[in-house]
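For reference, the chains in residue letters:
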Amino acid sequence: MKRKMLCSGLAIMMASSLMACGSSQSTGGDASTGTEGATQGDMDDAVITIWSPSDKESIENWWAEKIDEWNTAHPDMKAAREAIDRSDSYAYDNKIATAVTSNSLPSIFFVDGPQVSYYAANELIVPITDYFSDSIDDFDPATQAQCTYDGELYAISATQSGVAFYYNKDLLKECGVDTDDLDSRTIDNPITWSEMAEIAEKCTTDSYVGTHIIMDHGEGIPYALEPMYISEGKDYISDDGTTADGYVNSDESVKTTAFLADLIAKGYANVDPITDEFLNGACATELGGSWDVATLEANATFDWGVTYYPVADDTHKAVSPCGDWSAAVSKDCENVEATGEFLKWLMNTENVASYADAIAKPATRASAYDEECMASYAEGPRALFVEQLQNSAAPRPRTPSYATFSTDYAEAMSNIFSEAASTKAVDESYIKEQLDSVADSFAEDYNTYYAN
Amino acid sequence: MAKTEQMSGRKRDERIAGYVFSLPAVALLIAFLVVPIIYTVYYSVFQYQVMRPNDITFIGFENYHKLITDSDFWISLKNTFYFTIVVVPVQCTLALALAMLVSKKFKGVSVFRTMYFSPQLTSMVVIAVLWTVLYNSNPNTGLINALLVNLGLEPINFLTNERTAMNSIIFMSAWQGAGYQMMIFLAGLQGIPRDQYEAASVDGATPWQQFWFVTIPNLKGTIKYVIMITMIQAMKLFTQPYVMTQGGPRNSTKTMVYYIYTQGFQKGNFGYACSVAAVFFVIVVAMSLILQKITSEE
Amino acid sequence: MKSLKTQKALQKILFYAGNTIIGIIFVSPLIWMISASLKPEAKIFANMNSIQTFVPEDASFDNFIEVFRRVDLMNVFENTITYILLILVFDLLINSICGYALAKFRFKGRKLILSFVVALMVMPMEAILLPMYIEMSQLGWVNSLPALVVPSIAKCFSIYMFYNFFKDIPDDLLEAASIDGSSPIRTFFSIVMPISKTVYATVFILDFVAHWNDFMWPFLIMTGKENRTIQLAVQSFFGTQPVHYSAIMASLVLSAIPMIVMFIFMQKYYVEGIASSGIKG
Chain A
4 MKRKMLCSGL
14 AIMMASSLMA
24 CGSSQSTGGD
34 ASTGTEGATQ
44 GDMDDAVITI
54 WSPSDKESIE
64 NWWAEKIDEW
74 NTAHPDMKAA
84 REAIDRSDSY
94 AYDNKIATAV
104 TSNSLPSIFF
114 VDGPQVSYYA
124 ANELIVPITD
134 YFSDSIDDFD
144 PATQAQCTYD
154 GELYAISATQ
164 SGVAFYYNKD
174 LLKECGVDTD
184 DLDSRTIDNP
194 ITWSEMAEIA
204 EKCTTDSYVG
214 THIIMDHGEG
224 IPYALEPMYI
234 SEGKDYISDD
244 GTTADGYVNS
254 DESVKTTAFL
264 ADLIAKGYAN
274 VDPITDEFLN
284 GACATELGGS
294 WDVATLEANA
304 TFDWGVTYYP
314 VADDTHKAVS
324 PCGDWSAAVS
334 KDCENVEATG
344 EFLKWLMNTE
354 NVASYADAIA
364 KPATRASAYD
374 EECMASYAEG
384 PRALFVEQLQ
394 NSAAPRPRTP
404 SYATFSTDYA
414 EAMSNIFSEA
424 ASTKAVDESY
434 IKEQLDSVAD
444 SFAEDYNTYY
454 AN
Chain B
108 MAKTEQMSGR
118 KRDERIAGYV
128 FSLPAVALLI
138 AFLVVPIIYT
148 VYYSVFQYQV
158 MRPNDITFIG
168 FENYHKLITD
178 SDFWISLKNT
188 FYFTIVVVPV
198 QCTLALALAM
208 LVSKKFKGVS
218 VFRTMYFSPQ
228 LTSMVVIAVL
238 WTVLYNSNPN
248 TGLINALLVN
258 LGLEPINFLT
268 NERTAMNSII
278 FMSAWQGAGY
288 QMMIFLAGLQ
298 GIPRDQYEAA
308 SVDGATPWQQ
318 FWFVTIPNLK
328 GTIKYVIMIT
338 MIQAMKLFTQ
348 PYVMTQGGPR
358 NSTKTMVYYI
368 YTQGFQKGNF
378 GYACSVAAVF
388 FVIVVAMSLI
398 LQKITSEE
Chain C
61 MKSLKTQKAL
71 QKILFYAGNT
81 IIGIIFVSPL
91 IWMISASLKP
101 EAKIFANMNS
111 IQTFVPEDAS
121 FDNFIEVFRR
131 VDLMNVFENT
141 ITYILLILVF
151 DLLINSICGY
161 ALAKFRFKGR
171 KLILSFVVAL
181 MVMPMEAILL
191 PMYIEMSQLG
201 WVNSLPALVV
211 PSIAKCFSIY
221 MFYNFFKDIP
231 DDLLEAASID
241 GSSPIRTFFS
251 IVMPISKTVY
261 ATVFILDFVA
271 HWNDFMWPFL
281 IMTGKENRTI
291 QLAVQSFFGT
301 QPVHYSAIMA
311 SLVLSAIPMI
321 VMFIFMQKYY
331 VEGIASSGIK
341 G
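Residue numbers (our numbering), protein chains in the order written: chain A, 4 to 455; chain B, 108 to 405; chain C, 61 to 341.
Hints in this document: simulated from the structure, not taken from any laboratory. Where hints are given, some of them may not hold.
Below are the DSSO-like pairs computed for lysine-lysine, each with C-alpha atoms no more than 30 Å apart in a straight line [as the list claims (entries may be wrong)]:
| hint | chain 1 | residue 1 | chain 2 | residue 2 |
| --- | --- | --- | --- | --- |
| 1 | B | Lys211 | C | Lys68 |
| 2 | C | Lys227 | B | Lys327 |
| 3 | B | Lys211 | C | Lys328 |
| 4 | B | Lys214 | C | Lys72 |
| 5 | B | Lys185 | A | Lys435 |
| 6 | C | Lys65 | B | Lys214 |
With the sequences and hints as input, model every part of the structure.
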């Protein structure tokens with residue numbers, strides 16, 4: 004009896020799962036109605052296939068609309084886009100790495116800015132210079148630089164990002180900091196590190212800390228902090244992307260790192276800040292991303308302002324972060340001509356503007372700001388980010404060993420900051436030792452794979 | 108005569124049945140576990156950047172040579188063993204205690220079982236994010252440190268101090284994982300004959316004595332099994348350091364699998380990662396076989 | 061007499077109170093997750109220094125509405141449950157017969173297979189992801205159901221678990237069956253399986269949960285909406301910067317529901333298996 008029950012139970016389970024399997028396949032065919040962050044267009048018919056990270060609803064809708072528009076106009080060159088459900092950019096890279104082994108990359112895939120050199124050097128993406136020769140000057144200089152490798156344009160992006168100094172006016176006033184002075188700064192007269200440190204010191208109280216440094220243990224660290232190094236005089240890596248020795252471990256870089264570690268050692272910034280620390284009033288100021296503008300506008304219960312990225316006292320050189328996901332044409336693309344045309348169309352002024360609007364990020368094309376949907380970038384915090392992009396933005400190092408550098412640098416900074424927080428002191432020789440090891444492992448990676 | 112014939116017939120049946128029953132699983136294991144492992148060993152003698160599979164160079168034992176002098180490898184190995192040695196007794200004891208609490212039928216037993224198992228039902232990502240915040244070093248933003256300060260103690264940099272980071276991960280992992288072992292203990296406890304408890308009870312044994320003299324001996328097999336799998340799972344620790352500390356600070360939470368993953372995928376040194384995986388595999392296999400040998404004697 | 065009764069009652073209250081306190085400690089992340097899923101984005105990490113973080117302020121179902129709007133959850137559940145059930149049906153069958161053979165049959169190579177199973181248990185998936193993928197692409201299975209199902213069927217953990225459980229079944233019971241003329245294979249299906257519900261339920265629960273939380277393998281091997289599994293749907297809310305935890309928390313709550321239902325349902329197989337089904341008697 005029991006056996007019969009078990010057997011029939013098993014049979015039912017098997018049958019039902021097989022049926023479910025059949026039905027899921029039959030529903031799989033019409034996968035084109037898409038507000039749901041997935042396939043837009045029909046992958047099987049498509050001449051041009053696209054992978055990009057899945058994103059918020061407005062972006063998913065933008066893709067659906069654009070793919071439709073293109074396919075209606077070009078029935079012979081149909082495009083289809085697949086949203087990739089990445090958990091972090093490393094997972095996305097894994098997806099690319101596995102697709103590489105089976106030569107099954109799509110025609111176009113999106114790449115995070117600093118990874119362009121990595122993919123280009125490994126010949127996974129092909130130059131697209133020709134398709135943008137007459138429009139490239141309309142893109143901001145940082146985008147042009149980030150997407151160029153070895154003199155050729157390898158990728159192109161519609162949007163940009165930036166980091167600036169946010170401040171909570173309520174908390175600053177409480178601590179006696181002149182917020183009008185901060186409000187009145189211009190790109191030629193930004194606050195200096197010592198001013199930043201002074202504000203952080205004044206605003207560190209029992210209930211909040213003075214400032215916030217991005218500590219995501221990942222790409223956020225090299226991204227948000229690089230301008231400090233450039234402003235002090237030495238970038239992470241040489242301009243030609245071949246060596247980190249004498250750059251990331253230079254005296255200037257040690258000094259820059261020591262300045263940051265000091266903020267943590269003195270307790271002016273948390274070594275492991277929580278997400279939304281600034282929004283929750285747990286820190287008075289922050290080096291925050293351009294994406295925080297929208298979050299703060301919607302949610303902040305306090306008065307806030309944003310000013311330019313701080314500069315080194317010695318040089319007063321204005322530098323700011325930038326970079327965003329960019330579209331690149333893959334080596335497996337069978338119809339480069341059509342794909343190039345598609346990309347050119349996808350990145351035209353109107354599309355760039357509507358994409359930037361949908362994703363709430365600054366656009367890369369100067370002409371996009373004339374479009375109606377970009378009106379909010381004419382003044383206020385958003386205008387500040389655009390101004391930084393056009394005047395002071397510096398792309399991350401263009402080197403094929405960036406992935407290794409980024410991982411090791413983030414690890415070294417975590418170590419340095421943790422050490423500073425534990426001992427409440429800054430040990431410059433430890434900083435030097437850590438940055439030396441970053442330079443060493445960069446050299447090893449570069450020499451192994453790319454030196455000749 | 109008839110009896111021996113029957114016996115040998117049965118033996119033959121058993122032999123055939125043995126092969127028939129074990130074949131499907133063994134075939135699948137060879138196809139989808141052994142073959143990838145062979146690939147891994149194969150790639151370990153190549154210089155292989157993960158993004159260029161068409162450009163791999165044979166370099167003999169160079170990866171292995173490098174590995175011997177790679178301090179990060181040895182630190183990761185040490186951390187993995189430390190984690191395992193500490194977490195296994197803690198987690199298994201906790202799991203057994205939980206299982207004892209909910210092994211008998213009482214009103215609401217399934218509610219409590221579900222509660223204890225619930226960290227397993229919640230995604231590891233959420234748990235890691237939540238614990239990162241709970242462990243936050245600032246009493247204004249971290250619950251545990253807020254409690255410590257209220258008790259008049261100094262706040263602790265749980266995850267950002269090399270002396271506390273691994274122990275913080277151990278505590279959190281034992282708490283999260285205990286539900287898994289609890290279910291296995293529960294299954295084992297269901298198999299203990301009722302009458303043994305009754306007999307003990309009649310003899311006037313206290314609950315504690317019943318636990319020592321009835322439960323534990325009957326549960327021996329399950330306990331061995333649980334220790335074994337907890338150990339093996341502990342050796343594979345990856346998600347917690349990946350999400351919570353990225354191996355830091357000062358390599359204090361870098362584990363073997365974390366190291367393999369960052370080398371192979373994040374940095375793209377696939378060939379090297381394969382050699383690390385191969386050595387790690389040999390070490391752990393040797394260990395678990397020795398353990399298996401020890402526990403299967405008697 | 062009365063005092064004995066009150067003592068019993070007191071014991072009962074203590075037992076429940078203890079269980080409840082421990083239970084709350086264990087269930088707190090789930091509560092936090094549910095609470096966070098009801099909060100607006102800006103409030104999720106607010107009040108992390110007090111117990112208040114477990115209480116949803118300004119609660120609303122907006123986050124859930126967003127999830128339902130962005131993801132075809134029914135399709136995702138269907139995909140996930142389909143592939144997991146397919147795996148589990150074969151998993152329970154193939155691994156249990158293998159575990160049984162190792163536990164109860166005498167044949168050449170038994171010891172070898174057992175060592176082989178134990179040794180392979182330790183191979184971490186993260187270390188063999190790429191070779192697995194390469195193998196799948198050589199088989200032409202990339203982006204197909206077999207790639208998701210077939211490699212996951214045989215599990216050393218399950219085999220070992222079954223092996224350990226079946227080992228404890230008394231031999232007299234099996235011999236009795238064989239004297240009655242039952243073949244070893246038949247004995248397994250007619251006698252062993254029915255009395256082993258607890259171990260089947262355990263393996264079912266543990267493997268179901270493991271596959272429900274699978275991210276990396278489905279992510280690498282499958283592309284496209286029609287194949288999306290639950291963890292991929294959850295990850296789709298991570299997007300690019302900034303990460304919005306509100307929708308993530310809501311999607312995680314929704315993804316936990318089928319598991320909780322499954323878990324509560326499977327509980328009823330946690331009966332006193334071997335002892336109560338009359339082996340001893």
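Hint check results:
1. Proximity of lysine 211 (chain B) to lysine 68 (chain C) is assessed by CA-CA distance (about 17 Å); at most 30 Å being required, the pair is judged to hold.
2. With a CA separation close to 12 Å, the supplied pair lysine 227 (chain C) and lysine 327 (chain B) stays within the 30 Å bound.
3. Only pairs whose Cα atoms come within 30 Å are accepted, and lysine 211 (chain B) paired with lysine 328 (chain C) is accepted, the gap being roughly 13 Å.
4. Distance hint between lysine 214 (chain B) and lysine 72 (chain C) is fulfilled; the C-alpha atoms sit about 11 Å from each other, no more than 30 Å.
5. The suggested pairing of lysine 185 (chain B) with lysine 435 (chain A) holds, with an alpha-carbon distance near 26 Å, which does not exceed 30 Å.
6. Note on lysine 65 (chain C) and lysine 214 (chain B): the hinted pairing holds, with a Cα-Cα distance of about 19 Å set against a maximum of 30 Å.
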